[in-house]
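Protein chains in written order, with my numbering: chain A, 7 to 331; chain B, 7 to 331.
Some hints here could point you the wrong way.
As the list claims (entries may be wrong) - Computed footprint of chain A on chain B, listed as stretches where at least three residues anywhere in the stretch have a Cβ under 8 Å from a Cβ of chain A: (1) 59-67; (2) 81-87.
What the hints assert, rightly or not - Here are a few chain B residues that face chain A, going by a calculated C-beta distance under 10 Å: (3) Leu92; (4) Thr125; (5) Leu276.
What the hints assert, rightly or not - Pair by pair, the computed Cβ-Cβ distance ranges are: (6) B:Thr303 x A:Trp100: 17 to 25 Å; (7) B:Gly177 x A:Glu122: 33 to 41 Å; (8) B:Ala287 x A:Gly96: 46 to 54 Å; (9) B:Ser309 x A:Lys253: 54 to 62 Å.
In case anyone wonders, no lab produced these hints; they're calculated from the structure.
All residues carry an ideal CB built from backbone N, CA and C; glycine is no exception.
Spelled out from the first residue to the last, the chains are:
Protein chains: 2
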Amino acid sequence: MTGGAATGRVLALSGGVGGAKLAVGLARVVGAERLTVVCNTGDDFEHLGLHISPDLDSVMYALADKSDAERGWGRADEGWRFMEALGELGGEDWFRLGDRDLATHVERSRRLGMGEALTEITEELCRALGILPRVAPMTNDPVRTVVVTESGELAFQHYFVRDRCVPAVRGFRFDGIATARPSAPFSEALDDPALTAIIICPSNPFVSVDPIFALPGIEQRLGGRRAPIVAVSPIVGGQALKGPAAKMMAELGMPQTALEVARYYAGRRLLDGLVIDHLDAGLETAIRDLGVAVLVTQTVMTSVEDKTTLATECLVFAAGLETTP
Amino acid sequence: MTGGAATGRVLALSGGVGGAKLAVGLARVVGAERLTVVCNTGDDFEHLGLHISPDLDSVMYALADKSDAERGWGRADEGWRFMEALGELGGEDWFRLGDRDLATHVERSRRLGMGEALTEITEELCRALGILPRVAPMTNDPVRTVVVTESGELAFQHYFVRDRCVPAVRGFRFDGIATARPSAPFSEALDDPALTAIIICPSNPFVSVDPIFALPGIEQRLGGRRAPIVAVSPIVGGQALKGPAAKMMAELGMPQTALEVARYYAGRRLLDGLVIDHLDAGLETAIRDLGVAVLVTQTVMTSVEDKTTLATECLVFAAGLETTP
């Protein structure tokens, strides 16, 4: 790793599960006090009277080593008695909340109800879970991703979980974004003179990363960046490793390729380097032609070693880049 | 059983666990459409942002045959992952909420948050759980029992669960009672010309039954009753079978006897007959001297047969009584 990456601050922008994997790698490579992981909150929603922040939870559980690896979401050693009983009572059970997971939602909702901010609540939950890097919501203000589909507008979790991403996507809207302010940890990381890398985790560009970019002032502030932005492509060999990113691209009339991911970010001058998988090595030249540096490596993260290796490679790659806004 | 008890309506007034046992017996003896169980809601409280109605829950779980017999409270086949995880997060874990039990609180709280009334929510939960008799809160309005102790005033559950009934009791207050209105099922049962018996379950007189009596207008309406009031003494052999009733009596300077229970209700002309245990047969004459009829039988309910037998005996006893308001 270069000196810059070893001493500077790193800001990771993350959605849920895929982003959480790279966050785990970054947390092992970057000193805890130098890493800030900012999570999308456009997926947040109110359900059963509880405030649920799926992306924050995925990142927290992963960093606390409490994720369920097999299921791919939620907590390990999870139980489902609550869901069973809720079903018996005729409650809404399309969004599966594990018994352990529920504690996060109940405690967070209780604190929000008492007027505490999501940022402070997240910090305290992280402290309780022994998470050392700074994990923060992109904003304390309510932003709600609406998926515009051919069968009408759907709240994100209704599209994503209840309707299993079946309706064809026409576009997205982030309700509340116009008046949302970036959270203090996000702003502080952006303004930190020691910031040496901004990592866009392998998360869905449309519904995980775009809400973060869409916060008022963020694109302009990133335009004046001194630290390079490096993204890890969430599209590998024409497929999304997880989630509907590839399906969305197809429905939006975009080729389902890592090149298109580069084009999507670089078109707004929000990308200096893209990390793509060996499978997509053939796209390297075309991506470079967009003015985006390319690192070809293994981007599929299965083991902790995979996560650590990819994180290290991202940071070394970033350290060698000029910003090109 | 007499003809009256077989065809008339029965109204049971109940607290939590002890009352729930007799309610189970009554439900087996009285036709479902003729039994109304009205539960104390003075024990209700807001906890972790959820509305919890312990007495309603105890009665519902018992009638649905979902109570945990061994633990004596909560649901059978219960899990504790939620509590474990809440503890990890630094949440308040002095009030133990099982994973299954939690579904009731979350669903009830969600509906209350949407403006539904506790009576309707209870009816729907009962329908979902297959409970046939009518179970209702004493009121939809918030009433909160405050225990005045030598170490200050305590919200009921703080006294009861958190502080394990240790502080000596000086008295009780039912906040909100002055403006609380009896629930519709309670009023309808009281006004029903077919009402043939009012059964005070073996529940705590001070904190389970008194909040029900303290609702505006209830004592007057009971004063004009045509159906007899029969109570089952919660004090057996100088002990409360469950809970702090005997301890409270001692701290309030009352002898801890079934006679005192009779005196407590009869002093307000709210009792026609008292069912006492064989252990207390020696008190029979003294209770009769208060103008209260006495039935001596086995009041300790362990098996379903015990519950059914006691319920039958209560109804037959009531059917033979004149009202003596």
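Hint check results:
no. : hint                            : in the structure
1   : 59-67                           : violated (count 0)
2   : 81-87                           : holds (count 5)
3   : Leu92                           : 4 Å, holds
4   : Thr125                          : 16 Å, violated
5   : Leu276                          : 35 Å, violated
6   : B:Thr303 x A:Trp100: 17 to 25 Å : 51 Å, violated
7   : B:Gly177 x A:Glu122: 33 to 41 Å : 36 Å, holds
8   : B:Ala287 x A:Gly96: 46 to 54 Å  : 48 Å, holds
9   : B:Ser309 x A:Lys253: 54 to 62 Å : 59 Å, holds
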